Every structure is written in structure tokens, then in C-alpha cells.
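Go ahead and model the full structure; you've got the sequences and the hints to work with.
In the order they appear, the protein sequences are chains A and B.
Numbered according to the numbering used here, the first sequence spans residues 1 to 208.
Numbered according to the numbering used here, the second sequence spans residues 209 to 416.
Bear in mind the hints are in silico, worked out from the structure with no lab data behind them.
From a predicted model like this one, the values you see are computed outputs, not experimental measurements.
Among the hints, erroneous ones may be present.
What the hints assert, rightly or not - Derived lysine-lysine pairs resembling DSS-like cross-links, with alpha carbons at most 27 Å apart:
#1 Lys230/B x Lys124/A
#2 Lys379/B x Lys39/A
#3 Lys416/B x Lys160/A
#4 Lys388/B x Lys142/A
#5 Lys333/B x Lys269/B
#6 Lys388/B x Lys102/A
#7 Lys125/A x Lys327/B
#8 Lys388/B x Lys207/A
#9 Lys142/A x Lys125/A
#10 Lys230/B x Lys332/B
#11 Lys415/B x Lys144/A
Claimed, not checked - Listed next, the stretches of chain B that the computed footprint assigns to chain A, with coverage defined by at least 3 CB atoms under 8 Å from CB atoms of chain A:
#12 219 to 227
#13 266 to 277
#14 287 to 293
#15 325 to 338
#16 367 to 374
#17 396 to 403
#18 406 to 415
What the hints assert, rightly or not - For each label pair, taking beta carbons as the anchor points, the in silico distance ranges come out as:
#19 Ser241/B x Val168/A: 24 to 30 Å
#20 Phe353/B x Asn76/A: 23 to 29 Å
#21 Asn284/B x Phe110/A: 41 to 47 Å
#22 Lys230/B x Ser7/A: 19 to 25 Å
Where a beta carbon is used, it is the ideal one built from N, C-alpha and C, also for glycine.
The primary structure of each chain is shown beneath.
Number of protein chains: 2
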Amino acid sequence: MRNKKISNAAVGRIVLYYRTLKTLEQSGEKIISSGKLSKLLEFTPEQIRQDLSYFGQFGVKGVGYDVENLRRSLENILGLKYSWNLAIVGVGNLGRAIANYKAFPGMGFFVNALFDVSKDLIGKKINGVKIYDSENLGSVAKRKFIDIGVITVPEDQAQKVVNVLVDVGVKGIWNFASTKIFVPPEVSIVNEDLAVGPTALSYNLSKK
Amino acid sequence: MRNKKISNAAVGRIVLYYRTLKTLEQSGEKIISSGKLSKLLEFTPEQIRQDLSYFGQFGVKGVGYDVENLRRSLENILGLKYSWNLAIVGVGNLGRAIANYKAFPGMGFFVNALFDVSKDLIGKKINGVKIYDSENLGSVAKRKFIDIGVITVPEDQAQKVVNVLVDVGVKGIWNFASTKIFVPPEVSIVNEDLAVGPTALSYNLSKK
Chain A
1 MRNKKISNAA
11 VGRIVLYYRT
21 LKTLEQSGEK
31 IISSGKLSKL
41 LEFTPEQIRQ
51 DLSYFGQFGV
61 KGVGYDVENL
71 RRSLENILGL
81 KYSWNLAIVG
91 VGNLGRAIAN
101 YKAFPGMGFF
111 VNALFDVSKD
121 LIGKKINGVK
131 IYDSENLGSV
141 AKRKFIDIGV
151 ITVPEDQAQK
161 VVNVLVDVGV
171 KGIWNFASTK
181 IFVPPEVSIV
191 NEDLAVGPTA
201 LSYNLSKK
Chain B
209 MRNKKISNAA
219 VGRIVLYYRT
229 LKTLEQSGEK
239 IISSGKLSKL
249 LEFTPEQIRQ
259 DLSYFGQFGV
269 KGVGYDVENL
279 RRSLENILGL
289 KYSWNLAIVG
299 VGNLGRAIAN
309 YKAFPGMGFF
319 VNALFDVSKD
329 LIGKKINGVK
339 IYDSENLGSV
349 AKRKFIDIGV
359 ITVPEDQAQK
369 VVNVLVDVGV
379 KGIWNFASTK
389 IFVPPEVSIV
399 NEDLAVGPTA
409 LSYNLSKK
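Following this line, the structure appears as C-alpha cells:
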């Protein structure tokens with residue numbers, strides 16, 4: 001397995017490959033052809049081959065992929081054997097929804113700190129996790145060994161918050177603010193865009 | 209322009225192409241080569257060509273794409289010239305976050321009704337939109353000409369709610385419940401998976 005740097009988009013695709021393989025494995029499939037995988041995943045076989053080729057040779061020509069082996073390899077590649085500490089900055093509706101997301105602990109994602117500016121919220125807990133004053137973001141994030149900062153503050157606060165997290169060594173940013181965020185090259189960022197889902201529906205409905 | 213049925217994954221990619229072209233256009237770019245577009249979008253040139261080829265011939269060999277023309281074409285293709293009525297079923301944190309999402313009206317997405325089972329919520333308003341009793345989901349959705357149902361109820365309620373919406377003619381489902389939802393072929397569904405973002409970060413961080 002090589003450790004090449006690949007794009008966020010490619011990692012996003014590998015996450016989808018991983019989840020599909022897990023479902024296949026649970027339903028008892030042993031081998032899957034690249035053609036069938038392509039159909040299930042809705043990417044071209046070339047795209048899938050190119051993405052997987054970053055990590056080595058998985059498929060056997062004319063046979064396909066061993067479902068369990070490939071699932072295991074992708075799990076390792078994705079770092080899902082580790083656990084990660086998350087801090088959510090901005091305890092609005094979206095921040096709360098993420099703090100309450102049940103599937104995260106089982107995948108190794110642990111929300112360890114919440115931050116907000118509101119005096120009414122500071123000191124309270126959500127799902128057993130304390131809400132800290134955003135004033136102390138840097139020092140608390142450092143003390144709690146935060147790996148990933150979840151940005152659910154208003155747009156005009158997002159870059160400021162990210163800068164504080166990056167300064168204390170946070171290496172992953174999951175950004176929900178719809179604004180362009182700048183991070184140094186050693187920091188990874190994933191930008192969420194709530195508009196993609198309904199736009200895909202808009203496409204499908206306008207064809208009816 | 210042909211009206212072929214394409215996959216949700218392909219539509220998702222076209223939404224990304226559209227948003228990137230819009231940014232390019234706003235920054236004054238007139239023409240973009242397929243190589244540069246591929247690099248920006250993080251998909252192979254083959255994948256982009258294949259996706260766009262569903263709708264006709266856009267690029268000029270050896271020159272590239274006309275940014276404004278392609279953006280306009282994709283806007284039409286995606287149905288963004290229409291407006292769509294959304295109903296959010298389940299007024300928890302995620303439902304509230306979506307009800308308050310500021311970018312939607314500008315894209316033609318209008319939240320016209322909210323639904324919940326909680327007696328404390330029914331009759332109240334969020335962002336000027338009334339919360340109705342989920343008991344009346346079918347009749348209110350019909351009366352309000354709902355196009356897209358946003359599913360933010362607990363997992364075990366999701367299929368039941370979708371069935372009611374489908375029965376009164378709702379043609380689009382935006383599902384946030386982490387469970388497999390079945391819809392008839394004439395209904396489009398987009399499933400959101402909150403775990404993709406942090407898993408992409410897990411990948412990047414485990415390589416550091």
C-alpha cells in the first residue's frame with residue numbers, strides 16, 4: 001500500500017466503494033466483477049480502476065474483486081481502525097444534529113467538545129459533552145487532543161474559528177459554512193454543500 | 209438537449225460542475241480547457257466528457273469549454289430555472305437547520321410546510337413556515353403542492369412517512385434517515401450520508 005496524496009473527491013468515492021462493499025459482504029457476496037461494481041456505484045469502470053490503483057492491485061483480470069479483501073483494504077486505507085476526536089464549533093441546529101448523530105462512535109468518531117459564544121449555552125451538555133466558551137477554543141481543543149474541527153458557525157465567523165484550530169495543531173476541518181475557507185497545506189478540509197441534494201432532485205423532477 | 213435518464217451520482221457530479229463553472233464565470237474566466245476543468249473538479253477528463261455527453265456536445269476539441277455557455281446549459285439541465293416546494297418532515301435539529309438554510313430560496317427551493325408529531329411544536333412557525341401535525345401529512349402536502357419531501361424523522365418512521373408523501377404524488381425524496389428507503393420508479397430519491405465527510409478526513413489524517 002502506497003501513501004500517495006489523493007484528492008478529497010477521490011477519497012469521497014473510496015468511502016462510497018467501502019460502504020457498498022460492506023453491504024455486499026453482509027449480503028454474502030464473495031466476488032464482484034468490475035462491471036457490476038461500476039453499475040452499483042454509478043461510476044465508470046475506468047474511474048474505479050484509477051481510484052483503486054493508487055493503493056495497489058486489487059482486482060484479478062476476468063474475475064473481479066474479492067469483496068472481503070477489498071473491504072478490509074479500504075477500511076485500512078481510510079483510517080477507520082483509528083479513533084478521532086471531534087470538536088463542534090457552533091451549537092446551533094446543525095451543530096446539535098451532528099452532536100447527536102448515532103453512527104459516529106461506531107466508526108471511531110468521538111465528539112469530545114462543543115463550543116459556542118452564547119452565555120445561555122456555555123456550561124451545558126449535549127449527549128454528555130460539555131459546551132465551552134468559544135473564547136477558549138484554542139486551549140480546550142489542545143487539551144482535548146482534537147483531530148477534527150466541525151465548523152457550524154455563521155459564515156463570517158468560519159475563517160476566524162478555523163485559524164484558531166489550525167494554530168493549535170488541528171489537522172482536519174469539516175466545514176458546513178458556505179464560504180471559501182483557507183487552510184495551510186498540512187491541514188485537510190472537507191466542505192459540505194447542502195444544496196447538492198435538492199439540486200439533484202430538481203434535475204430529476206424537471207425531466208418528468 | 210436529450211432527456212436521458214442519468215444516475216443520481218452523475219447528477220451529483222453535474223451539480224459540482226455547475227457550481228465550479230459559476231465560480232469561474234464570476235472570476236472572469238471565458239474558456240476552460242478540459243484538462244484544467246478535470247484538475248479543478250478532481251474527476252478524470254473521461255468521466256467529465258462522459259457525463260456531459262448525455263446532453264450534447266459542449267466542448268471544442270483543442271480549445272475547451274465556453275464557461276458561460278456551459279454554465280447556462282447545466283443550469284437549464286438541472287431545472288434551476290423552476291421553483292420547487294419543499295416539506296420538511298421531522299422538526300428536530302436537522303429539520304430546523306434545513307428550514308433555516310439561507311441559500312435555498314435563491315436557488316428556487318421554497319420550504320412551504322413543516323411536520324412533526326410533537327404537540328408542543330404543532331402550530332408554531334420556523335422562519336415564517338407553519339409546523340403541521342404529521343397526522344395530516346398527506347392532505348397538507350397535497351394542498352401545498354409539495355414537490356420534494358425532506359425526511360428528517362427517526363429511522364423507524366422514515367419509510368412510513370415516505371409512503372404517505374408518495375401516495376399524494378410527491379415525486380422527490382431527500383432522505384437523511386440512515387436506512388434504506390423504497391420508492392416506486394417514478395419517484396426520485398437522494399440519500400444523504402453524514403459519515404462520508406469525516407471518513408474522508410480520517411483517510412487524510414491517518415496518512416499524516
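Against the structure, the hints come out as follows:
1. Lys230/B x Lys124/A: violated (42 Å)
2. Lys379/B x Lys39/A: Status holds; Cα separation ~24 Å.
3. Lys416/B x Lys160/A: holds (24 Å)
4. Lys388/B x Lys142/A: violated (39 Å)
5. Lys333/B x Lys269/B: violated (54 Å)
6. Lys388/B x Lys102/A: holds (16 Å)
7. Lys125/A x Lys327/B: holds (25 Å)
8. Lys388/B x Lys207/A: holds (24 Å)
9. Lys142/A x Lys125/A: holds (20 Å)
10. Lys230/B x Lys332/B: Distance of about 38 Å is beyond 27 Å: violated.
11. Lys415/B x Lys144/A: Holds, at roughly 21 Å.
12. 219 to 227: Since 7 is at least three, the answer is holds.
13. 266 to 277: violated (count 0)
14. 287 to 293: Holds, because 4 residues of the stretch 287 to 293 of chain B bring their Cβ atoms closer than 8 Å to Cβ atoms of chain A.
15. 325 to 338: Result for this restraint: violated, n = 0.
16. 367 to 374: Violated - the stretch 367 to 374 of chain B has 0 residues with a Cβ nearer than 8 Å to chain A, which falls short of three.
17. 396 to 403: holds (count 6)
18. 406 to 415: holds (count 10)
19. Ser241/B x Val168/A: 24 to 30 Å: The hint (24 to 30 Å, Cβ to Cβ) is violated, given that Ser241/B and Val168/A are roughly 40 Å apart.
20. Phe353/B x Asn76/A: 23 to 29 Å: The hint (23 to 29 Å, Cβ to Cβ) is violated, given that Phe353/B and Asn76/A are roughly 49 Å apart.
21. Asn284/B x Phe110/A: 41 to 47 Å: holds (45 Å)
22. Lys230/B x Ser7/A: 19 to 25 Å: Holds, at about 20 Å.
Checked against the numbered hints above, the structure breaks hints 1, 4, 5, 10, 13, 15, 16, 19, 20 and satisfies the rest.
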